[in-house]
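Enquirer: Sequence:
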Amino acid sequence: MPLLDIRVPAVLLRIDRNPFHHGTLGAVRSLGRAGVEVHLVADCAASPVRGSRFLGRLHPPPAPGARPADVAAVLHRVAAGIGRPAVLIAMDDAGAIAVSRLRERLAPAFLLPPGSGALAEEVADKAELAGLCARVGVPHPLTLVPDSAAEAVAGAERLGLPVVAKWSRPWLLPPGSGLRSTVVLRSAREARELYARAAEAGSRLLLQAFLPPGPDRDWFFHGYADRQGTLRAGGPGRKHRSWPRGAGLTAAGEWTVNPPVTALAERLVGALGYRGILDLDFRREARTGAYHLLDFNPRPGAQFRLFTDASGLDVVRALHLDLTDRALPAPAPRPGRGFVVENYAPLTALRRPPQGRELAWHAADDPGPGLAMWALWSRHVGGRVAERLAPRAMARARAAVRRGRASAARAARRGTRGTPAAMPRPGSPAEPADPAPAGPAPAGPAPGGPDPVPAVPAVPAVPVSLSVPPAPTAPAPTRPCFPAPTAPVSPTAPASPNDHDEKASSC
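Residue numbers (our numbering): 1 to 507.
Check each hint, because a few of them may be wrong.
[Unchecked claim] Quick list of the computed label-pair ranges, beta carbon to beta carbon:
| hint | residue 1 | residue 2 | range |
| --- | --- | --- | --- |
| 1 | E285 | R405 | 54 to 62 Å |
| 2 | D216 | D70 | 39 to 47 Å |
| 3 | H362 | R405 | 48 to 56 Å |
| 4 | P333 | R135 | 28 to 36 Å |
| 5 | P391 | P260 | 41 to 49 Å |
No lab work stands behind these hints: they were computed from the structure.
The C-beta atom is built at its ideal place from N, Cα and C for all residues, glycine as well.
Go ahead and model the full structure; you've got the sequences and the hints to work with.
Expert: Shown next, in the form of structure tokens:
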């Protein structure tokens, strides 16, 4: 008998437009390999995920920022096409919050874990999370929520620069705005300017005490809280590399036993009554050694496949088993197992750890997404490099033009100061270096040369010519014209994804 009930399909929902979200591919592969029919509601027009052989069917998603009613309409159309109940798994915060709000309306067509519809939104809101942590006794960085630009400046000064700035509901950030969910501010002026964009961001700005990153300080926990509230599957992991450095997603991680992190996850789930898949981010404070909760994501983390145990169980499979009333196998952890996102840490992907590892995109039984990822990523990186180089090239060209004009002006000034009144103006044909012999100037122009310069009489009785027109130039003999040989030009190498390994960005 298969581990999962393959009679029950799965529907994965992703609302945001991130073509390189490897967590979505991980869920498609996890369920598809087990024989489950996988439906994906996401924009995959430019995503390698569409090349997976484990993807059953692709459906158009709701628009970013869609109302809950619009999300429900899309999901009901998908359910009508499937014709039987399916397990529904949201792969991003916007999707998880929409599903939690629509639980009652979706329940007849979809299998969902029990729980409060407001809790997913509460834990995902970064401002609300600070209050939750204080209530249940989980360490959290000191957080301030300013109500004015002046309070933002005062808050930054109170916390001490640098300070972390976050938008409380990052899933509401408008695409193309340039706003990032998390940034590090290094001046009070930056705090004032960022607060001024709160209306554009669609949520509150919060300021948080900065906990410096460092070796062995960044940790995460993935798990599935079943219907009884017991954490199943998953475990604690340590970030070896992140993108960008010191923040953002896990580029390389390792399954590492950490009892304090596990205890904090169990305390949160028990105190809040949370049910479903969760992804927690922690940072250890160097001075006290305490693990501070930074984020609570009510959905699978992008690197959830790191925690695939010896029986093949991960958090996505655990949810499917629990909601279809199947028994979960006994835990079989694999500490030391690694996970690497190749396009963010290509050199790390070449080193295989002793306990094995999984790559985000490449898989021997599913090669399509890996090949598509490198083609798309090379194009993406090439475009970003061109965007950065174009302004620099224009600046260099403008500087060269300015230098040329300045040089010409200096040459003109030197020529004007050292030229007698009767000599040609700068820019006239060059004169012979030696003075011409005295005598009357020619009556007319020399064949093939410029008009003669009028003589300047040095003595009234003896006209002296200071210039003699050049002699006629003999025409060059006619000869065949061939293009000059050119040196071979080496093709420009595409930008390496490693260039983006250390770039500052945030998802």
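Enquirer: Taking the CB of D216 and the CB of D70, does the distance hold inside 39 to 47 Å?
Expert: holds, 45 Å
Enquirer: Is the gap between the beta carbons of H362 and R405 within 48 to 56 Å?
Expert: holds, 54 Å
Enquirer: Within 28 to 36 Å or not, the Cβ separation of P333 and R135?
Expert: holds, 31 Å
Enquirer: I want to verify a distance hint. Is the separation of the beta carbons of E285 and R405 within 54 to 62 Å?
Expert: With a Cβ separation near 58 Å, E285 and R405 satisfy 54 to 62 Å, so the hint holds.
Enquirer: Is it true that P391 and P260 lie within 41 to 49 Å of each other by Cβ?
Expert: Check passed, 48 Å falls within 41 to 49 Å.
When the structure is compared with the earlier hints, no violation turns up for any of them.
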